[in-house]
Amino acid sequence: MKYFHNIKAYLDAHVNLRFFLKYTFLFTLLLLALASLALHRIIALEANPFFYANF
Amino acid sequence: MQTSKLKVLFTKLMLLGFAAILSLLLAELAVAKVIKYPSYGMVASVRYRKGEKLWGNIRKPHAKEYNVEGKNLAKFNNYGFPGIDIDSLNKPIVVLGSSFVEALQYAPEQISTSVFASELRKRGMAHNVMNLGCSGHDPYDSWFRLLYFRETLGFETQDVILVLNSDNDDWFTRHPQPLDFSKPADFGSVNSNMKYKILLAMKNFSSLIALLTEGSRSGETAGVKEVESVTSPIPPNDDRHKESLSAQTLACLDAFDGAYVNFRVLTVDDDGCFNNALQEYCANKGIPLCITPMAKPEYMINGAGHFNLKGNEYLGKQLYALFAKQDIQQLR
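Chains as they are written, first to last, in numbering that gives the first Met the number 0: chain D, 0 to 54; chain A, 0 to 331.
Derived from the structure by calculation, the hints contain no laboratory data.
This structure is a prediction, so every number in the text was calculated from the model and none was measured.
There are no misleading hints in this set.
Using 30 Å as the maximum straight-line C-alpha spacing, the simulated BS3-like pairs for lysine-lysine come out as follows:
1. 6/A - 21/D
2. 21/D - 32/A
3. 74/A - 32/A
4. 7/D - 4/A
5. 21/D - 11/A
6. 202/A - 74/A
7. 7/D - 6/A
8. 11/A - 7/D
9. 202/A - 21/D
10. 90/A - 309/A
11. 21/D - 35/A
12. 202/A - 59/A
Partner residues are not named here, just some residues of chain A that face chain D (Cβ under 8 Å, in silico):
13. 17
14. 30
15. 34
16. 207
17. 215
Here a beta-carbon is modelled for each residue, glycine too, at the ideal position from N, C-alpha and C.
Construct the entire structure; sequences and hints are all you get.
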């Protein structure tokens with residue numbers, strides 16, 4: 000808890016760093032979400048048993 | 000006052016830019032190292048197949064590809080082909096076919112051509128086996144694929160085994176008719192489309208970009224290298240039986256037989272009529288043939304996909320049997 004308060008106080012004192020970290024986190028989250036969607040799309044399509052079969 | 004506001008805005012924009020760059024690096028790290036999705040691993044897309052929009056992708060040595068069906072990371076050898084590494088290009092045995100020969104579902108040493116190479120080595124035969132199987136390739140495509148690699152890698156061979164997994168009638172319609180086996184004027188030309196080249200460079204550089212572009216492909220072709228490779232070319236045992244081989248199949252077999260002294264054919268199709276017609280043709284021409292119907296659930300992933308481990312091992316042994324001209328065991 001003490002560490003958390005220390006970090007918060009540090010970030011409150013350094014507005015630009017806080018801004019930078021916030022957007023780094025958000026952009027990373029966005030990119031990982033897009034990557035997850037892409038991977039899901041590939042897996043869902045190819046995992047379909049009819050994908051490789053010509054029934 | 001105005002200058003101060005501009006300065007703050009500029010700082011924020013700079014920080015946003017740095018944040019975007021760092022997040023790209025972090026996401027790349029997560030995709031490449033945690034998910035282990037590989038970068039694209041292609042040298043270029045070249046024109047060696049005849050037909051509209053039929054480009055052939057040439058892989059880099061030791062490239063990797065994410066394969067859902069086999070739940071593995073397919074690895075290519077030192078020449079960018081499926082299977083184990085090749086020591087030398089001195090008269091290799093070339094195996095041609097479609098995705099059933101390519102077999103990206105398993106580790107390089109587990110696929111049929113590697114089993115074939117291992118069988119040769121066990122008996123002291125120092126031949127290298129080159130797997131030129133490629134998804135979506137019919138025998139006509141395979142003719143040009145072999146020609147392309149013979150020219151670019153500068154090797155010669157007389158030992159060619161063509162693996163047929165269907166009559167390929169649907170796939171033959173992709174090509175200009177009648178089939179012409181001469182090299183086209185643009186043979187081997189590299190796709191020089193600037194948009195393609197930039198995207199290729201980015202996909203080769205970054206696993207994240209490779210994943211996003213593969214996943215964002217539209218509709219049914221997402222995650223697939225080429226449109227024609229979507230479906231398995233082993234059709235069910237339905238009413239497609241024909242008493243004779245198609246003109247395109249005959250043209251391909253004639254071309255291979257005329258160009259390569261030790262040309263052999265192996266069919267894994269379960270169409271008895273097609274196999275009988277093939278047997279008659281090969282007997283007349285003196286082409287060694289192995290009939291190994293393998294469109295059976297026990298040899299296929301989930302009973303309907305590409306060959307499973309058992310199927311690959313069996314096919315590898317049948318390839319050896321055909322090469323060594325041993326008694327060919329038929330499954331029927």
